[in-house]
Amino acid sequence: VPVILVGGHRTMDAMEDVLKNESADFFSLSRPIIREPDLPKKWEADREYQALCISCNTCFTMPGRRCVFNRAK
178 VPVILVGGHR
188 TMDAMEDVLK
198 NESADFFSLS
208 RPIIREPDLP
218 KKWEADREYQ
228 ALCISCNTCF
238 TMPGRRCVFN
248 RAK
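Counted the way my numbering counts, the sequence shown spans residues 178 to 250.
Simulated from the structure, these hints should not be mistaken for laboratory data. Accuracy of the hints is not assured; some may be wrong.
Computed cross-link-like contacts, SDA-like style, restricted to lysine to any residue with a CA-CA straight-line distance of at most 25 Å [to be verified]: (1) 197 to 220; (2) 218 to 178; (3) 197 to 182.
Here are the simulated distance ranges between beta carbons [what the hints assert, rightly or not]: (4) 239 to 179: 19 to 25 Å; (5) 243 to 222: 31 to 37 Å; (6) 218 to 197: 21 to 27 Å; (7) 198 to 243: 32 to 38 Å; (8) 241 to 194: 16 to 22 Å; (9) 239 to 197: 31 to 37 Å; (10) 182 to 221: 16 to 22 Å; (11) 198 to 241: 21 to 27 Å; (12) 198 to 224: 23 to 29 Å; (13) 215 to 191: 16 to 22 Å.
Just so you know, these numbers come straight off a predicted model, no measurement behind them. Backbone N, C-alpha and C fix where the C-beta goes; we use that ideal spot for every residue, glycine too.
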């Protein structure tokens, strides 16, 4: 049965360690993707990049699920 790991994933290295140890098959990245929709591209360009999400959960109280740290354009 595939396992999806949820919560606290902010670096590629940490996620790859979990994959190598076969602890999980997939990762959920809800809050980090709300903060940085282009996060996978940032990791592709720089695998040392650390996600900016601080897990404050405020995005879940904002209309439309927005990060309070992302300014309206």
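To see whether the hints hold, each was checked on the structure:
no.	hint	result
1	197 to 220	holds, 18 Å
2	218 to 178	violated, 28 Å
3	197 to 182	holds, 14 Å
4	239 to 179: 19 to 25 Å	violated, 31 Å
5	243 to 222: 31 to 37 Å	violated, 24 Å
6	218 to 197: 21 to 27 Å	holds, 23 Å
7	198 to 243: 32 to 38 Å	holds, 35 Å
8	241 to 194: 16 to 22 Å	violated, 34 Å
9	239 to 197: 31 to 37 Å	holds, 36 Å
10	182 to 221: 16 to 22 Å	holds, 20 Å
11	198 to 241: 21 to 27 Å	violated, 37 Å
12	198 to 224: 23 to 29 Å	violated, 18 Å
13	215 to 191: 16 to 22 Å	holds, 20 Å
The structure shown violates the earlier hints numbered 2, 4, 5, 8, 11 and 12.
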